[in-house]
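*Asks:* Going down the list, the protein sequences come from chains U and Y.
With the UniProt record's numbering, letter number 360 in the first sequence gets 360, and the count goes up by one each step, no holes.
With the UniProt record's numbering, letter number 76 in the second sequence gets 76, and the count goes up by one each step, no holes.
Each hint should be verified, as a subset may be incorrect.
Just so you know, same-sequence chains aren't split out, so a pair can sit in one copy or run between any two.
[As the list claims (entries may be wrong)] Taking lysine to aspartate or glutamate pairs in the EDC-like style, the calculated list, with each CA pair at most 16 Å apart, reads:
| id | residue 1 | residue 2 |
| --- | --- | --- |
| 1 | K5 | E251 |
| 2 | K287 | D184 |
| 3 | K287 | E239 |
| 4 | K88 | E331 |
| 5 | K342 | D39 |
| 6 | K368 | E417 |
| 7 | K6 | D408 |
| 8 | K155 | E251 |
| 9 | K6 | E70 |
Hint data in this document are derived by calculation from the structure and do not stem from the laboratory.
There are 2 protein chains.
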Amino acid sequence: MSHSKKKIAIIGSGLVGSLLAIYLRKYGHDITVFDRRPDIRNVKFSGRSINLAMSNRGWKALHEVGIDQEIKKIAIPLNKRAMHVIGKPLYFQNYGKENEAIWSISRGVLNRRMIDLAEASGVIFKFEEKVWDVDLPSAELFTGETEKGEWKSYKYDLIFGCDGAFSRVRHKMQRRSRFDYSQDFIDVGYKELTILPNADGTHKLDKNSFHIWPRGNFMFIAMPNLDGSFTCTLFMPFEGEVSFENIKTKEDAKEFFTTYFPNVMHDIENLTQDFFNNPTSAMVTMKCYPWTYWDKVALVGDSAHAIVPFYGQGMNAGFEDIFVLNKLIQENKDNWGTIFKKYQESRKPNADAIAELSYRNFMEMSHKTADPMFLLQKKIEKHFAALHPEKWIPVYSRVTFSDKPYADALAYGDKQEAIMQQVMKIPNIETLWNSKIVEDKILELLS
Amino acid sequence: MSHSKKKIAIIGSGLVGSLLAIYLRKYGHDITVFDRRPDIRNVKFSGRSINLAMSNRGWKALHEVGIDQEIKKIAIPLNKRAMHVIGKPLYFQNYGKENEAIWSISRGVLNRRMIDLAEASGVIFKFEEKVWDVDLPSAELFTGETEKGEWKSYKYDLIFGCDGAFSRVRHKMQRRSRFDYSQDFIDVGYKELTILPNADGTHKLDKNSFHIWPRGNFMFIAMPNLDGSFTCTLFMPFEGEVSFENIKTKEDAKEFFTTYFPNVMHDIENLTQDFFNNPTSAMVTMKCYPWTYWDKVALVGDSAHAIVPFYGQGMNAGFEDIFVLNKLIQENKDNWGTIFKKYQESRKPNADAIAELSYRNFMEMSHKTADPMFLLQKKIEKHFAALHPEKWIPVYSRVTFSDKPYADALAYGDKQEAIMQQVMKIPNIETLWNSKIVEDKILELLS
């Protein structure tokens with residue numbers, strides 16, 4: 001049993017689409033990638049990106065096809081958070097053990113590099129060709145200038161929908177009976193902003209940190225680029241007291257930055273300009289099932305499971321889809337029906353888990369950071385983890401620095417949370433928090 | 001401030017669309033109802049109906065426009081359940097107090113009558129005219145033979161999407177940012193079957209009962225029609241040991257009915273024929289938000305909130321939407337922006353509540369009826385309610401025989417459930433279930 005040569009279409013030339021193309025091309029398949037947008041290598045990137053944090057799962061998927069070292073050249077390791085808290089001096093939190101880091105990469109720079117690599121391996125890219133419809137049973141796709149205009153049709157053996165949260169391929173699957181689907185938007189939007197490099201090309205803030213300005217229900221973050229700039233993201237409610245809706249003029253914007261983010265004042269002109277030039281984008285959790293149609297069509301990445309970005313795992317989860325899919329191809333050769341069935345069954349619970357973890361991180365950041373009991377709980381967990389590192393691995397580490405299933409990390413986190421609920425009921429926990437009593441109670445509950 | 005005359009389009013000539021037309025016509029508006037299907041008055045009904053159970057909320061909405069007595073002529077009151085349990089003689093359960101009944105109506109018969117009534121009041125119906133697209137800000141709609149073909153356009157002041165669970169109008173709203181949406185199918189399907197009348201036109205089973213054959217994870221129900229027949233529904237898993245998938249031949253079907261439904265054997269030929277002639281349909285819970293667009297477009301009924309049929313409230317909930325909408329029109333006159341805002345804000349929590357209650361009824365029926373502790377709990381509740389009818393109103397009665405908000409019924413049910421969770425923990429509850437101890441415990445927990 002071997003891998004017979006297939007004619008494969010991939011819809012979407014984003015990160016997941018281009019990595020999947022590189023993987024599938026290794027088997028000698030004919031690969032065509034369609035994208036409705038122009039070639040990202042020829043255009044300025046759109047200004048609606050959140051910089052990416054590549055972590056363990058992403059690197060593992062790149063390593064498998066031998067391109068991790070190539071990509072590390074365009075990534076900057078961040079081994080700590082830099083916390084810009086009002087009324088406190090800047091302080092740092094290491095992410096984990098020595099050598100544990102997440103890597104900052106510009107989405108545009110990475111995407112361009114991945115398309116280059118895919119093209120060099122023989123993948124054909126068709127940019128500015130809009131897919132409007134897919135006939136699922138025959139794996140035929142239809143493209144054209146407009147939805148109502150003339151269409152061209154292409155017949156393939158397999159079609160992969162890597163066309164993101166608003167996937168056309170999924171849209172077609174969604175209109176079938178017994179297709180479960182949900183899209184849930186959060187009330188917080190985001191906007192990309194830039195902190196420019198110093199005149200000498202160096203970074204204005206520490207380069208090896210993930211910079212966070214937490215402000216309750218809004219937040220500003222900054223991640224470094226190779227050129228000395230930082231790609232920043234302002235997360236803020238769409239409506240309400242401090243909100244996108246309420247910043248209407250340049251004066252409003254300047255006052256907003258001055259009040260809440262005084263140490264980025266040096267870039268106030270640029271930030272204000274970005275604020276009105278760049279769009280305010282919405283964030284959605286999208287779930288669906290099934291992810292595949294017979295042995296013909298499969299969704300990979302955001303098209304199957306779009307998540308809010310608060311765990312930095314969107315791309316990593318998509319790359320892990322590809323890693324798992326590839327293992328199943330190796331094991332099941334030409335049995336695409338089996339491959340697709342096992343793929344969706346193994347990935348769905350993990351996609352749901354990282355969606356839940358990401359949503360919880362959003363809720364924690366936006367709703368709980370002002371709650372003193374929540375902060376105390378986090379302090380107790382940290383204290384205990386320092387005393388017993390082998391007994392209390394933070395969920396963040398399980399998600400970010402391991403390749404164990406997301407679903408296990410979620411279950412483990414729920415177990416920790418149940419224990420902490422008990423611990424927080426100890427009388428006078430506020431004063432006893434770092435005592436032997438609390439330590440022993442956690443040990444007892446763990447065993 | 002008065003009601004200025006509007007040009008209004010209603011998409012969908014089903015029960016909700018035709019009742020809404022009757023309501024709006026009373027204000028003198030120009031009303032056109034579009035439906036992609038042929039006029040139901042000229043065609044045999046499709047064989048995918050579950051007979052309707054009109055209850056309090058439905059009658060109230062009909063009464064408001066003076067058509068309840070007219071509709072009662074085509075309805076049969078059911079004051080009890082007739083339980084066909086294997087190994088037990090047939091027994092009856094009254095629905096509630098004296099005069100409390102649900103009313104069986106054939107969907108086709110009702111829909112034809114409603115369209116007649118709407119037409120008589122001056123509503124224009126355009127059948128077999130397919131709406132493919134709606135421009136939300138301008139309330140313009142586009143119709144044509146095919147999606148890709150030539151389209152005609154119509155401009156209105158207001159558009160109402162009453163086009164059901166797979167609404168085209170909602171489909172357009174769904175592609176906007178920040179529109180929350182979910183569709184969740186259950187693993188159980190249904191099929192319509194018929195029990196024919198006796199030769200003399202009388203009913204083969206008691207006419208004033210809702211007949212139920214509960215069989216664990218599948219079930220058969222029958223509701224009477226005026227012509228002496230019963231419209232029956234078989235609910236059964238799509239896949240698994242006893243499932244639609246596993247009944248492949250006429251012999252399979254005959255064996256299935258003989259084994260599980262011996263007292264419908266007299267109709268075995270007809271049931272078997274129906275089984276293979278009629279489609280197996282899926283059931284979905286569909287939620288979305290917002291339901292309206294500015295002062296231009298609103299979703300009403302299943303298009304806004306499709307629910308599984310296990311509480312018999314789908315049509316009733318849709319009619320209640322219209323009743324509430326009408327009250328808001330009376331209060332707010334021409335302020336359609338305000339009307340739509342208040343309409344969705346007041347109805348959304350109630351739609352979510354009846355969706356939850358309906359889904360729970362499905363879970364109870366399909367998963368819990370074999371659990372002796374669950375059955376004991378229901379027996380205790382019934383026993384207590386008989387002793388203290390004013391202290392323990394069954395949720396079913398609150399939903400079916402009152403017009404208090406669904407959301408209140410759900411909250412009340414949750415409170416009852418929490419009490420029963422405590423009660424079921426009483427040691428030896430199996431023997432004590434009808435004792436003073438249990439009665440006093442419930443009284444204590446209630447106060």
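*Asks:* All hints are to be evaluated individually against the structure, with a verdict given for each.
*Replies:* Evaluation of the provided hints:
no. : hint         : result
1   : K5 to E251   : neither (61 Å within a copy, 45 Å between copies)
2   : K287 to D184 : both (9 Å within a copy, 11 Å between copies)
3   : K287 to E239 : neither (25 Å within a copy, 23 Å between copies)
4   : K88 to E331  : neither (55 Å within a copy, 54 Å between copies)
5   : K342 to D39  : neither (33 Å within a copy, 46 Å between copies)
6   : K368 to E417 : within (14 Å within a copy, 30 Å between copies)
7   : K6 to D408   : neither (35 Å within a copy, 58 Å between copies)
8   : K155 to E251 : neither (55 Å within a copy, 41 Å between copies)
9   : K6 to E70    : neither (28 Å within a copy, 65 Å between copies)
Checked against the numbered hints given earlier, the structure breaks hints 1, 3, 4, 5, 7, 8, 9 and satisfies all the rest.
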